[in-house]
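Spelled out, the chains give:
There are 2 protein chains.
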Amino acid sequence: MRPYSVGKLMSFINRIAQRELAERLKPHGIGSGGQHSYLKAILATPGMNQDKLTSVVKFDKATTTRCIRQLEEAGYVKRTVDEQDRRSYRLYPTEIAIAFEPKLQAILDDYNRLLTAHLTVEEIDALHALLQKMYDGLDEPSLNPT
Amino acid sequence: MRPYSVGKLMSFINRIAQRELAERLKPHGIGSGGQHSYLKAILATPGMNQDKLTSVVKFDKATTTRCIRQLEEAGYVKRTVDEQDRRSYRLYPTEIAIAFEPKLQAILDDYNRLLTAHLTVEEIDALHALLQKMYDGLDEPSLNPT
DNA sequence: GATACATGGTTGCGAACGCAACTAATTTGG
DNA sequence: CCAAATTAGTTGCGTTCGCAACCATGTATC
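Protein sequences, first through last, are from chains A and B.
Sequential numbering of the first sequence, starting at 22, is according to our numbering.
Sequential numbering of the second sequence, starting at 22, is according to our numbering.
Hints listed in this document are in silico derivations from the structure and should not be mistaken for laboratory results.
Intra- or inter-copy, both count: the list cannot distinguish identical chains.
Distance condition first, Cα-Cα at most 27 angstroms in a straight line; then the derived DSS-like pairs of lysine-lysine:
hint, residue 1, residue 2
1, 47, 79
2, 124, 29
3, 29, 99
4, 73, 29
5, 99, 79
6, 61, 82
Let the hints inform the model, and build the full structure from the sequences given.
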């Protein structure tokens, strides 16, 4: 039996949805793609270095460098050299970022509501649980060489 | 109550997974991203024009132009001018593409199995149904101006 | 404490993609 | 039947991203 094309559906949905999200973040100087993921992670856990952050958001470390630079230029993130290890930077949200957090969260909540607008509450629960399980399965040593 | 971050999970999973798929398609001269979607659509429905194809795969028409050009250069697709409407091209798979179809399908099946490796059969059924419903909901006039 | 190795971060390069502006063929309205 | 509007496709431009090569700091081995 042929497996369902779960990958195709996810890629479709993601592609359509990302355009919506980009449009909503743009007025706040936050670029499309992963920038908001970085900002959310820094707000949630201030003081991480870029390497840690890269593994949290699952992008490439080069992408991290660039996204952080953009967030810094937009005034959302501060970088300070870690005195314990002078190679790495500790990342902190600025006052502006902290003030913006509720708005950011509202945009993301809105986005999620849009995505799941045609599902019942039970269906959303089930979908979230399944995606979480899927994610946990993928986020394993086999695919994540140390 | 805060909505689940279904969007974030989907984007994570998609990002991780796309790298896997890209690696498997690369040896066959098929670029990462949407190229395989176009090829599959053309194999499934030969003779479409690019405009129709764009709406099927949900990319931008500029992206369609470029992906089709690459598939043509790679020898998978033929374009012929539609004599009924000389602006449009009819798209057909080449012999090579037809011969390659089973292999392509095997790669995609494999990919889907990888994605859902940690789910039970019932969970995969449920996930597929939910994603399909989600997709159908998004693929509506409100977001798809005619 | 000099040499090798590991690790955090950056840069160069190329691929993929969307938007907007454009060309060329077709349809519509007067 | 001609001008205006529409439609299929292309091109220019800017953004995002991954990979690989690289630099600088830190750690380990001798």
